[in-house]
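Work the whole structure out from these sequences, hints included.
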Amino acid sequence: MIDHVVFWVTDMVRSKAFYDQALQPLGLRRITGDDHASAGYGVPGKGYFWIGPAKEAPTGTHVAFAASDRATVEAFHAAALAAGGCDNGKPGLRPQYAPTYYGAFVLDPDGHNIEAVCYAPA
Numbered sequence: 081m082i083d084h085v086v087f088w089v090t091d092m093v094r095s096k097a098f099y100d101q102a103l104q105p106l107g108l109r110r111i112t113g114d115d116h117a118s119a120g121y122g123v124p125g126k127g128y129f130w131i132g133p134a135k136e137a138p139t140g141t142h143v144a145f146a147a148s149d150r151a152t153v154e155a156f157h158a159a160a161l162a163a164g165g166c167d168n169g170k171p172g173l174r175p176q177y178a179p180t181y182y183g184a185f186v187l188d189p190d191g192h193n194i195e196a197v198c199y200a201p202a
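So for the sequence shown, the numbering used here puts the first residue at 81; every next one is plus one.
Since the hints were derived computationally from the structure, they do not count as laboratory data.
Errors might be hidden in some of the hints.
[As the list claims (entries may be wrong)] Straight-line distance between alpha carbons at most 25 Å, and here's what the computed DSS-like set of lysine-lysine pairs gives:
1. K170 with K96
2. K96 with K126
3. K170 with K126
See below:
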């Protein structure tokens, strides 16, 4: 079981603004204040996803966030694009992964591949 994931980013201000908006449809909120070097996202008392300052450009990483339904996958994709992300796979079925795998992919400002996925049937 994974406790948390960290992405290293080159611009904390830009990345916090991106993730504040992109993760909102998934119910994840920033749980740390601007007085922290890193930023944690999750639910009160528990950060599951963190970003921290990198000294040099990071290599691309992939993480998939669970979504409760397909509408949430679509809302995540729209919010991440509006926050400045780049489309890396529009919302849709990906039967090569599983028959009901419905996902969307976005590259964050540092090129990390973030995804929202739902396995529930339509």
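Looking back at the hints listed earlier, which ones does the structure fail to meet? 3
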